[in-house]
Structures are given as structure tokens and as C-alpha cells.
Amino acid sequence: MSLRFQRLLLIFLSLIFLTASIFLILFNSKKNLIFFYTPSELLNSKTQINDTIRIGGIVKKDSLKNIEDNKYVFIIHDNNNYVRVSYTGILPDLFREEQGVVVQGKLIKIDNIKAERVFAKHDENYMPTSIKKQLEKNKYWNKSYQ
Amino acid sequence: MKFLINPNRFIKFSDLVFKPLICLSAIFLLIGIVFAFFLSPNDYQQGATVRIMYIHVPAAWIAVLTFLIMTLYSIIGLAFKINFSFIINSAIAPIGAIFTLICIVTGSLWGKPMWGTWWVWDARLTSVAILFLLYLIIIFLKNSITNINVSEKITAVLIIVGSINLPIIKFSVDWWNTLHQPASISKLSSPSIDPSMLRPLVIMTIALMLLAIVIGIIRIKAEILKRKLR
Amino acid sequence: MLLVNNIYFSRQSKAILKDVNLSLPPKGIIHLTGNNGVGKTTLLKIICKILNPDDGEIFWNGKNIKKNHYDYCKNITFILDQNTSNENLTVYENIIFWKKIFSSQIKINEIESILEVLGLLEYKNTSTIHLSFGEIKKLELIRLIIEQKKLWVLDEPFIGLDLKSVEIIIQTITNHLDLSGMVIFTSHTLPTIPNINTVNLEINE
Amino acid sequence: MSSFNSILGVFLRESKIHYRSFFHILSIFLFFILSIIIFVFAVGSNKELFNQIGVGIIWTIILLSNTLSIKKFFQNDFDDNSLIIIHMSGLSYEIIALIKMLTIWMFLQAPFFIILPIAFLLLEMQFDNLKIVYLSFLIGSVIITCISAISGSMNLLNKKNFSIGGLIIMIFSIPVIIFGVNIVNVSNNIEIIKAQINILLGIMFFFLAISPWASGLCIKISLQNK
Numbered sequence: 001m002s003l004r005f006q007r008l009l010l011i012f013l014s015l016i017f018l019t020a021s022i023f024l025i026l027f028n029s030k031k032n033l034i035f036f037y038t039p040s041e042l043l044n045s046k047t048q049i050n051d052t053i054r055i056g057g058i059v060k061k062d063s064l065k066n067i068e069d070n071k072y073v074f075i076i077h078d079n080n081n082y083v084r085v086s087y088t089g090i091l092p093d094l095f096r097e098e099q100g101v102v103v104q105g106k107l108i109k110i111d112n113i114k115a116e117r118v119f120a121k122h123d124e125n126y127m128p129t130s131i132k133k134q135l136e137k138n139k140y141w142n143k144s145y146q
Numbered sequence: 001m002k003f004l005i006n007p008n009r010f011i012k013f014s015d016l017v018f019k020p021l022i023c024l025s026a027i028f029l030l031i032g033i034v035f036a037f038f039l040s041p042n043d044y045q046q047g048a049t050v051r052i053m054y055i056h057v058p059a060a061w062i063a064v065l066t067f068l069i070m071t072l073y074s075i076i077g078l079a080f081k082i083n084f085s086f087i088i089n090s091a092i093a094p095i096g097a098i099f100t101l102i103c104i105v106t107g108s109l110w111g112k113p114m115w116g117t118w119w120v121w122d123a124r125l126t127s128v129a130i131l132f133l134l135y136l137i138i139i140f141l142k143n144s145i146t147n148i149n150v151s152e153k154i155t156a157v158l159i160i161v162g163s164i165n166l167p168i169i170k171f172s173v174d175w176w177n178t179l180h181q182p183a184s185i186s187k188l189s190s191p192s193i194d195p196s197m198l199r200p201l202v203i204m205t206i207a208l209m210l211l212a213i214v215i216g217i218i219r220i221k222a223e224i225l226k227r228k229l230r
Numbered sequence: 001m002l003l004v005n006n007i008y009f010s011r012q013s014k015a016i017l018k019d020v021n022l023s024l025p026p027k028g029i030i031h032l033t034g035n036n037g038v039g040k041t042t043l044l045k046i047i048c049k050i051l052n053p054d055d056g057e058i059f060w061n062g063k064n065i066k067k068n069h070y071d072y073c074k075n076i077t078f079i080l081d082q083n084t085s086n087e088n089l090t091v092y093e094n095i096i097f098w099k100k101i102f103s104s105q106i107k108i109n110e111i112e113s114i115l116e117v118l119g120l121l122e123y124k125n126t127s128t129i130h131l132s133f134g135e136i137k138k139l140e141l142i143r144l145i146i147e148q149k150k151l152w153v154l155d156e157p158f159i160g161l162d163l164k165s166v167e168i169i170i171q172t173i174t175n176h177l178d179l180s181g182m183v184i185f186t187s188h189t190l191p192t193i194p195n196i197n198t199v200n201l202e203i204n205e
Numbered sequence: 001m002s003s004f005n006s007i008l009g010v011f012l013r014e015s016k017i018h019y020r021s022f023f024h025i026l027s028i029f030l031f032f033i034l035s036i037i038i039f040v041f042a043v044g045s046n047k048e049l050f051n052q053i054g055v056g057i058i059w060t061i062i063l064l065s066n067t068l069s070i071k072k073f074f075q076n077d078f079d080d081n082s083l084i085i086i087h088m089s090g091l092s093y094e095i096i097a098l099i100k101m102l103t104i105w106m107f108l109q110a111p112f113f114i115i116l117p118i119a120f121l122l123l124e125m126q127f128d129n130l131k132i133v134y135l136s137f138l139i140g141s142v143i144i145t146c147i148s149a150i151s152g153s154m155n156l157l158n159k160k161n162f163s164i165g166g167l168i169i170m171i172f173s174i175p176v177i178i179f180g181v182n183i184v185n186v187s188n189n190i191e192i193i194k195a196q197i198n199i200l201l202g203i204m205f206f207f208l209a210i211s212p213w214a215s216g217l218c219i220k221i222s223l224q225n226k
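Which chain is which? The protein sequence lines are A, B, C and D, in order. According to this note's numbering, the first sequence is numbered sequentially starting from 1. According to this note's numbering, the second sequence is numbered sequentially starting from 1. According to this note's numbering, the third sequence is numbered sequentially starting from 1. According to this note's numbering, the fourth sequence is numbered sequentially starting from 1.
Derived from the structure by calculation, the hints contain no laboratory data. Treat the hints loosely; a few may be bogus.
Taking lysine to aspartate or glutamate pairs in the EDC-like style, the calculated list, with each CA pair at most 16 Å apart, reads [unchecked claim]: (1) K226/D to D81/C; (2) K65/A to E97/A; (3) K124/C to E87/C; (4) K81/B to D55/C.
Not everything, but these chain A residues come out facing chain B in the computed CB check (under 10 Å) [said to hold, decoys possible]: (5) Y37; (6) T88; (7) L91; (8) L94; (9) Q104; (10) V118; (11) F119.
Where is the CB? At the ideal position from N, CA and C, for every residue including glycine.
Make a model of the complete structure from these sequences and hints.
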């Protein structure tokens with residue numbers, strides 16, 4: 001085997017490996033590396049009661065209740081399933097109903113989590129306040145912006 | 001385009017463009033700051049905090065672009081034995097590191113009020129943190145091998161291996177559930193960012209890029225002269 | 001036939017070798033001399049294609065070695081000025097390793113007789129870490145016999161050897177030349193070998 | 001086929017050398033066991049806690065133990081020039097790196113399979129997970145070997161800063177840690193475990209594809225400037 005042939009063989013092998021790796025990673029990456037579960041994914045996961053997990057979803061409209069000072073209860077959903085959240089502490093600025101949110105905390109029941117931290121998730125849309133008001137006034141306010 | 005691979009031509013070219021570049025970057029920076037602080041509106045959700053974007057996003061782009069440039073130069077440097085590319089690598093690595101740091105710091109300043117936390121280990125943030133560490137390791141490795149001929153080539157190999165991180169950074173928000181929002185600009189058809197906010201962002205991006213290029217030219221020239229002295 | 005044509009080599013933009021020309025016919029022997037730091041070892045490494053010259057070509061039997069690297073490797077033995085034996089292995093294991101990687105046809109009893117001539121037979125199963133400098137050098141030179149190649153490239157082969165061993169090596173080299181082999185070596189002393197061609201390298205300004 | 005002879009020769013020699021330096025290998029595994037014991041004392045023997053974080057601890061310490069053995073890759077052969085001799089016997093640097101990786105994997109990684117159950121015992125973890133940990137380690141160890149080969153070849157001429165080799169290993173093995181540990185914790189859904197294994201396999205193929213080239217190039221550069 002001449003050196004050139006050794007290299008060719010190795011290049012051939014490497015190319016096979018590379019394509020294999022690209023395929024394997026691209027086809028499987030979506031299901032993996034979870035920063036948070038959606039409520040539906042939570043049902044399928046191995047998570048047990050009293051485990052610490054993160055759940056992400058949208059805060060349900062009219063579900064936020066302020067029980068005491070700094071004590072909140074709300075529901076997050078992903079259109080199919082929902083999880084009740086109870087939280088003590090200060091909510092981030094961006095926390096609003098019908099907005100994306102990620103909570104981290106202990107699962108007390110299968111659909112009930114006691115949150116220790118709440119992260120507000122904001123979308124990639126940026127829009128001046130004045131325009132939004134105008135849009136709302138003219139009823140052009142498009143729900144897809146949320 | 002010979003000035004991109006030939007040190008003497010580069011010095012000639014940079015002498016030509018250096019002063020205009022400084023003026024341009026100063027002007028753009030001024031306009032950009034005025035726009036970012038006074039002439040741009042508040043966001044409908046985030047209020048005034050959105051102004052952090054005007055430095056955070058350009059810094060992130062420059063950080064990634066610098067690594068991309070280093071990767072390209074490493075490849076042509078190793079493949080065609082062009083020594084100038086190693087000069088560029090060692091000159092601009094610290095710039096990339098600084099801009100990555102700026103991106104991380106402004107990002108966590110933005111994250112605290114918006115998300116409610118300084119830092120989370122989601123895919124985008126982690127990959128950018130790895131980018132910063134990679135920059136540091138590249139700088140360390142270059143300085144820990146005494147023989148310059150070896151150190152720059154081996155650093156180039158490390159840069160090429162490390163460039164696998166770049167697509168991960170880019171696509172992390174699309175592939176995985178992340179707290180970080182997806183890209184706003186790359187949807188070319190309809191950027192999901194209002195023109196009145198896109199304008200300062202573009203101006204700041206141009207300004208910071210010009211600034212990075214100016215610093216880069218200074219550092220590359222210094223590096224060329226340092227090697228001539230040796 | 002080895003032809004070294006206009007070799008130019010520089011390190012960190014400082015020229016070390018400039019316009020070096022050598023030609024080595026079968027049965028030829030070249031003795032490279034020169035002051036320290038003049039680039040003798042560098043030239044030998046270029047001939048062995050461990051280093052690539054900035055300019056110039058090397059031809060082996062009329063073919064450029066760049067295109068013919070593998071066959072060229074099959075014809076060349078390189079003895080460095082440092083030892084290449086592993087200190088964790090015994091003398092015999094080192095020899096077997098060399099025999100294996102160079103696919104040598106040499107027989108075991110031939111190896112033993114060589115060891116006996118060089119006075120290494122009693123250390124056959126000792127790790128080389130326990131050998132003295134000269135003994136390791138002798139072990140190194142056994143590669144010349146094992147590899148059975150045509151062109152020998154030797155870097156300071158006589159350093160650290162006793163007079164008797166030097167004579168044995170010179171005898172081996174002469175025998176090799178008689179079998180139409182070729183030798184290039186560097187040394188600061190001139191051994192008595194007939195038809196020797198001394199090339200003096202000088203520092204290039 | 002003389003090249004196969006050379007490959008076999010290098011392989012046999014490597015095995016012999018590793019066999020001779022048995023106590024060095026043993027000390028690496030002792031390091032592993034000792035670190036686990038220290039962990040137990042540092043955190044306190046807490047069965048529930050270790051069931052949660054035990055796999056993470058084991059992976060971290062495997063990684064740290066691997067940074068101890070970077071020098072075993074090419075440094076000795078580089079210092080005593082046998083790399084040149086092996087190369088001149090007609091093997092390209094890439095093939096040499098591959099053989100080295102194979103021997104290192106056999107002698108420094110494979111024994112972890114015997115030690116992993118001991119670590120499980122020491123941490124009082126449930127043995128249900130052992131099978132998955134074995135599987136992830138089988139793939140992960142190959143990745144770590146590839147990364148160590150790159151790191152080891154990069155530091156051949158580095159006489160000043162010995163810790164940088166460990167840093168290079170650690171930064172590239174972050175994905176291994178993420179997926180290797182996650183695989184146990186994430187779920188008992190077979191689909192997701194399969195996906196994780198596939199991703200680990202993908203990373204393994206990636207590093208298998210690039211590491212011979214990267215280390216071969218680094219060896220060549222270092223040899224040319226020795």
C-alpha cells in the first residue's frame with residue numbers, strides 16, 4: 001500500500017464517517033438536548049414526582065391568580081395538555097398571559113409543579129409600542145405576532 | 001484582492017484605507033448611539049430594555065464572523081502554506097474573544113430583567129460560552145509553544161476542529177427548545193423586526209464591524225512588524 | 001543513483017541551505033562535513049523526506065521522490081544521531097520490532113551472530129534503559145543490517161563507539177559499497193574508506 | 001503486503017510497551033477509584049442523591065482520568081524519534097495515529113468496563129442503569145480517545161504549559177458529557193434513548209473522521225520543526 005493509497009483509503013473512510021455523523025445528528029437532534037419539556041412531553045418522560053424539571057409553554061389566558069403578596073398560581077399549556085404552576089417570588093418583567101414562559105421546579109403532582117424559578121421566554125418579534133397601539137386600534141393586530 | 005494574502009500589499013492597502021475607516025466608524029458609531037438611545041422606539045413588550053439588542057446582536061455576529069474568518073484563513077494557510085494567514089489568526093483571535101465576552105455580558109444584562117435570570121444552560125448560551133472558551137484556549141495554545149512556526153500551525157488545526165461549534169451556535173435555536181429567541185433577521189422575506197428598530201441595529205452593526213476592522217488592521221500591522229523584527 | 005538538485009531550505013525566513021547539489025552513484029559514498037549549525041542534519045532529513053525543501057528536487061533513479069515517496073522509503077535507511085530504540089523494550093524486542101515493520105527477511109540466528117560480533121549478546125534480554133550510550137548506539141546501527149536497504153543515511157555514526165566497533169562499522173560500510181550500495185554520512189572525523197567523496201557544507205550568508 | 005506487517009509490528013510493540021508500563025495504567029484506574037471515594041466523602045453517603053447525580057460523577061471522573069494519559073499517546077515516540085522510523089517504514093502519519101488510538105483505547109479505556117460496576121457499588125447506585133451506562137461509555141470512550149489523540153499531538157512541542165492538553169480534551173468532550181449523562185436521566189422512552197445513542201454515534205463518527213487527520217497533521221508539523 002503506497003502512502004497515497006493509504007491516504008485515499010482513509011479519505012474514503014472519513015467521508016463515510018462524516019456523512020454518517022451528519023445524518024445521525026441531523027435526524028436525531030430535534031428530539032434531544034432538552035432545555036425544557038412541553039406539557040405533552042412531560043407525560044412521555046421518565047420524570048417522577050418530586051423530581052426537579054423545567055417545563056415550557058404558554059401561560060393560559062385568565063389563569064394567573066395572585067393569592068397573596070408575591071404568591072402566584074397559573075396554568076401553562078401547549079394547546080393539548082396543561083400543567084398547573086404555583087410560584088412564590090417576583091415574576092420577570094416580560095411575564096404576561098398568553099406569553100411563552102419556562103418554569104423550573106419540583107413536580108408535586110403529575111400535572112402540578114411548584115416552581116422555584118420562572119423564566120419569561122420572548123419571541124423574535126420586535127415592534128415599537130406606538131405601532132402596536134395603532135395596530136390594535138385599527139384591529140390589524142395580528143395574533144401571529146405573539 | 002492580493003492584499004488579503006500578502007503582508008506587504010496588506011500594509012499598503014491598510015495605509016490607504018485606515019484613516020477613512022476610522023472616520024467612518026466614528027461617524028457610524030455616533031449616529032448609531034444617537035439612534036439607539038434617542039431615536040428608536042420602545043418595544044411593545046420589553047420597553048427600553050430592547051436597546052441592549054443594539055450592542056448584543058452586533059457583538060454576537062462579530063464574534064462568530066471572526067471565528068469564521070479565522071477558520072477560512074487556517075484552511076488556506078495550511079493548504080497553500082500562506083504564512084500571512086497565521087499572522088491574521090493570531091492578530092484577530094483576541095478581538096473575537098473580546099466581542100464574545102461583550103455578547104455574553106450584555107446578554108446576561110438583558111436576560112436578568114426579561115427572562116428573570118442572568119444565565120441558563122440552554123443550547124444557544126452554552127454554545128456561545130464554548131466559543132469564548134475556545135478563543136481563550138486558542139490564545140493560550142499559541143503562547144505555550146515556544147516555536148512560532150509550530151504554534152501557529154497547530155493553533156490553525158485547533159481552529160479548524162473548533163469551527164464545528166459555529167453551525168451549532170447558528171442552528172441551536174432552531175434545533176432545540178431554548179429560552180433564547182430564534183433569529184429575527186435571517187428570515188429575509190419578512191424580518192420580524194420593525195423597520196424603526198431595524199435601522200439602529202443595522203447602523204450599530206456597521207459601526208461595530210468597522211471598529212473591529214480598525215482594531216484588526218492595527219493588530220495585524222503590529223504583528224507583521226513584530227515578525228519582521230525577529 | 002541519488003541526485004540532489006539545488007536544495008534551498010529556510011527556517012523562520014533564515015536560509016539554512018542554499019543551492020546544495022549532490023550526486024551519488026551506486027558504490028558511491030559521500031562524507032558531509034561542516035561546522036556545527038551548518039545544516040548537515042537538516043540536509044539528511046531533507047534527503048529522507050522528513051523535511052520538505054522550499055525549493056529544489058531530489059531524484060532517485062531518475063524519478064522525483066515527491067511522486068515516488070513510498071518506493072523511495074523502501075530503499076533508504078536513516079540512522080539519526082539520537083537513539084530510536086524504546087527504553088521500555090529489551091534489545092531483542094527492539095530488533096524484532098524493526099524486523100517486523102521493515103518486513104525484513106533476516107534470520108534469527110543472523111541477528112544473534114551480529115549481536116555477538118558487537119558484544120551485545122549478553123544484553124539480549126535487558127531493557128535498553130540499562131545499556132550505556134555506546135551500546136545503544138551499536139543497537140541503533142544494527143538497523144543497517146536488518147533493514148537491508150540500498151541507501152544508507154547516517155548522522156554521526158561514530159559518536160560514542162569504541163575503536164573496535166568503529167572498525168566493524170567501517171568494514172560493514174565497505175562491504176555494503178561493494179554490493180553496489182550507497183552511503184551518505186556526516187562525521188567530524190574522516191574514516192579510512194576508499195573512494196570517499198568529501199563534501200564540505202559552508203554557512204550561507 | 002508489507003504495510004500490514006508494519007501495522008502489525010507497531011501494534012504489537014505498543015501492546016508490549018503498555019504491558020510493561022502496567023503500573024502506570026493501574027495508577028490511572030486507582031485515580032478513578034480514589035476520586036469516587038473522595039466524592040463520596042465530600043458529598044456524604046446519600047443513596048438518593050447518588051442515584052440522581054452518580055452517572056454525572058462517573059463521567060466527569062472518567063474524563064479527568066483521561067487527561068492524565070495524554071502524554072502516553074505520541075510523546076515518547078516523538079522524543080525518541082521512533083515516529084520517524086515508523087513513518088519511513090511506509091506508514092502515513094494518519095495511520096500511525098489510528099493505530100495509537102486503537103491501542104490506547106484497548107489498554108486505557110476498555111478496562112473501565114471492569115471498574116464501572118465497582119464505581120456503581122461505591123456510589124450505591126441502582127444497577128438497572130448499568131447497561132445503558134455501558135452502552136454510552138462504549139461510544140463515549142471512543143470519542144474521548146479521538147479527542148485525546150488530537151490534544152496529545154497538539155502538545156508534542158509544548159514544553160511550557162502542561163495543563164492546556166487537558167483543557168483541549170475537556171472543551172471538546174462537553175457534548176459527550178451532555179449526551180452521555182442525559183441518556184440515563186432523560187426518560188425510559190425507548191425512542192428517546194435510541195435518539196440519544198444515535199447522536200452519540202454521530203459525534204463518534206465525526207471525531208473518528210477528523211482525528212486521524214488532525215493528529216497526523218500536528219505530528220508532521222511537530223516533527224518538521226523539532
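Unsatisfied constraints (hint numbers, rising): Number 6 - this is the single hint that the structure violates.
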